[in-house]
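Heads up: the protein sequence lines correspond to chains A and B, in order.
Numbering of the first sequence is given in this note's numbering, commencing with residue 1 and proceeding in unit increments.
Numbering of the second sequence is given in this note's numbering, commencing with residue 1 and proceeding in unit increments.
Note that these hints are calculated values from the structure, not bench results.
Among the hints, a few may not be true.
Identical copies look the same in the list; a pair holds intra-copy or inter-copy alike.
Unchecked claim - List of simulated lysine to aspartate or glutamate pairs, EDC-like, C-alpha gap at most 20 Å:
1. 220 to 175
2. 143 to 53
3. 220 to 121
4. 226 to 64
5. 178 to 68
6. 143 to 121
7. 226 to 105
8. 178 to 223
The chain contents come next:
Number of protein chains: 2
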Amino acid sequence: MNSPETKLRSIPRSVVEDIVRQVTLEHLGRQRGLAAPTLTVHASARHMHICREHMDVLFGPGSELTVDRPLFQPGNFAAKETVTLIGPRSRIISNLRILGPMRKESQIELAFTDAISLGFDNLPIRLSGNIEDTPGAVVMGPKGVVELRRGVIRAAIHVHMSPSEAAYFGVKQGDLMKLRVGGAAGTTFTSVHVRIDANSRLNVHMDTDEANACGLHLAKDIELLK
Amino acid sequence: MNSPETKLRSIPRSVVEDIVRQVTLEHLGRQRGLAAPTLTVHASARHMHICREHMDVLFGPGSELTVDRPLFQPGNFAAKETVTLIGPRSRIISNLRILGPMRKESQIELAFTDAISLGFDNLPIRLSGNIEDTPGAVVMGPKGVVELRRGVIRAAIHVHMSPSEAAYFGVKQGDLMKLRVGGAAGTTFTSVHVRIDANSRLNVHMDTDEANACGLHLAKDIELLK
C-alpha cells in the first residue's frame, strides 16, 4: 500500500478539505470547544468480583470487604481480601485479588495466559456482567469453599466514560472504538467496547495479556479513536 | 471518523482510480498472477537458543541437541533439552525449552508476562540475534550452570518469508507490515518485521502475550498487510 503521504499528494486539496469538513462536523463536541479529555489506560490483573452470598461462605457470615487501595473509577477498590482459585484440572492460582464493592453475582476475570495455565479451554470473551453460559470454578477462602456454577471470563477490552466524554468522541453505549498504541510493539485494539455511565471517568481497561502484548509500560503514544 | 464508504462517495472517481492504479503497480507480484501464499501464524512460547560453549557446560562436553519436534521453518526444531532460568530476583522458570539448531550466541526469548514474573524490568524488544545491551540471566542445566552476560529479550513480532513471497507482498528485508486479527478480541499488530530468507516459508511469529491478547486460538480472520 502507499504511505498516507503518497496518497494525499494524489488527492486534490479541495477533496481533502471536504473530508476534513465531514469529519469535523461529526465531532460536534470538539466544535463546541470542549477540552480533550485526558486518556488513561490501565491493565487489570486477574481478579474476582464477589456477591454477598459467596462473601458469607468464603470470609464468614456478614463479613465485609476492606479497601486496600481505591481504583480509578469512583467507588471501586482493590480489597485486601484474596481467594484461591482452583481450575478445571485442579491447577491453582493463589492470592486472587477481590475488587469491590460487592456485586449481585460473583465473577472471575482472567487473562488467557492465566486461563491456559489453569486448564480452561476456550474461555469466553465477555463484557463484565454478561456471564451466561460461562464456565465455573472452585474458589477457596479462609472460611470456606464455593463452587461457582458460572462467571469465569476473559474480560473484553473496554473504555469507561461519562456522557460528556461520549459526546466529545461522538459515541454511544455499546459502540466499538479503536485504541492505537505506538512504539516498538505497535498494536491497535480494534474492538474497544464503550461503557457510558454518569459516574465514570475516561479510562480504558485492558487485561495483562493485552498490556504485555503492546508493551503498555513502555508506550508513550496512545490514542483512542472512533 | 467517517466510514470508508462515506469517504469514497466524496472523492471523485478519477482520484479513486489513480489511487487504485498506484497500489496495483506496487503489487506487481499479484499482477504477474502469482498465487496468494498461505499465511500461517504461530505463537512462540518462551525459549532459549544455545551456543556450543554453553551446551558443553549445561549438558556436558560435546553434547548435542535432540529433536523433540520439527518447527515450521525448515531445519528448526524444538529440542528435548530444557533448562532452568533464574531471573534477577532469584525467581525461576523451569523447563525452559531449547530450540535448535545451535547458534553462535545464546539467547533467551520471553514474553513480558514471563519477564515480569521473573523480575526483569523493561526487557528490551528486539529482533532475534540483535542482543547488544540486553540483560543476562543465570541458566541451569543437568551438568552445570552458566551466567549469560546478555541475550534475554522480548522478541519483536516478525514474519518469515521467501524472496518470492516478499515479491508477492512487495516488501523488502526489514520492512514493517501489519497483521490484522479479527474476532472478539480484534487486534492489529502494526510493527511486524519482515525477515526474508531463501529457506523460509511464510509464517508470522508472535509471542504468547500477543497470541493471548488477540485470542489467536479463536481467530479465523487473519490478514497480513503491507
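Outcome of the hint check:
For the identical chains of this complex, residue 220 and residue 175 are neighbours neither inside a copy (25 Å) nor across copies (22 Å), given an alpha-carbon limit of 20 Å. Taking identical chains as interchangeable, the C-alpha atoms of residue 143 and residue 53 lie at most 20 Å apart only when both belong to the same chain, with a minimum of 13 Å there against 54 Å between chains. For a Cα distance limit of 20 Å, the shortest separation of residue 220 from residue 121 across copies, 17 Å, qualifies, whereas the shortest one inside one copy, 34 Å, does not. Taking the closest pair of Cα atoms, residue 226 and residue 64 never come within 20 Å of each other, the shortest separation being 40 Å inside a single copy and 54 Å across copies.
Within a single copy, residue 178 and residue 68 get their C-alpha atoms no closer than 32 Å, and across copies no closer than 41 Å, so neither meets the 20 Å cut-off. In this assembly of identical chains, the alpha carbons of residue 143 and residue 121 never lie at most 20 Å apart, being 29 Å within a copy and 37 Å across copies at closest. Neither within a single protomer nor between protomers do residue 226 and residue 105 lie at most 20 Å apart by alpha-carbon distance, with minima of 32 Å and 46 Å respectively. In this assembly of identical chains, the alpha carbons of residue 178 and residue 223 lie at most 20 Å apart whether taken from the same copy (8 Å) or from different copies (18 Å).
Hints 1, 4, 5, 6, 7, counting from the list given before, are not met by this structure.
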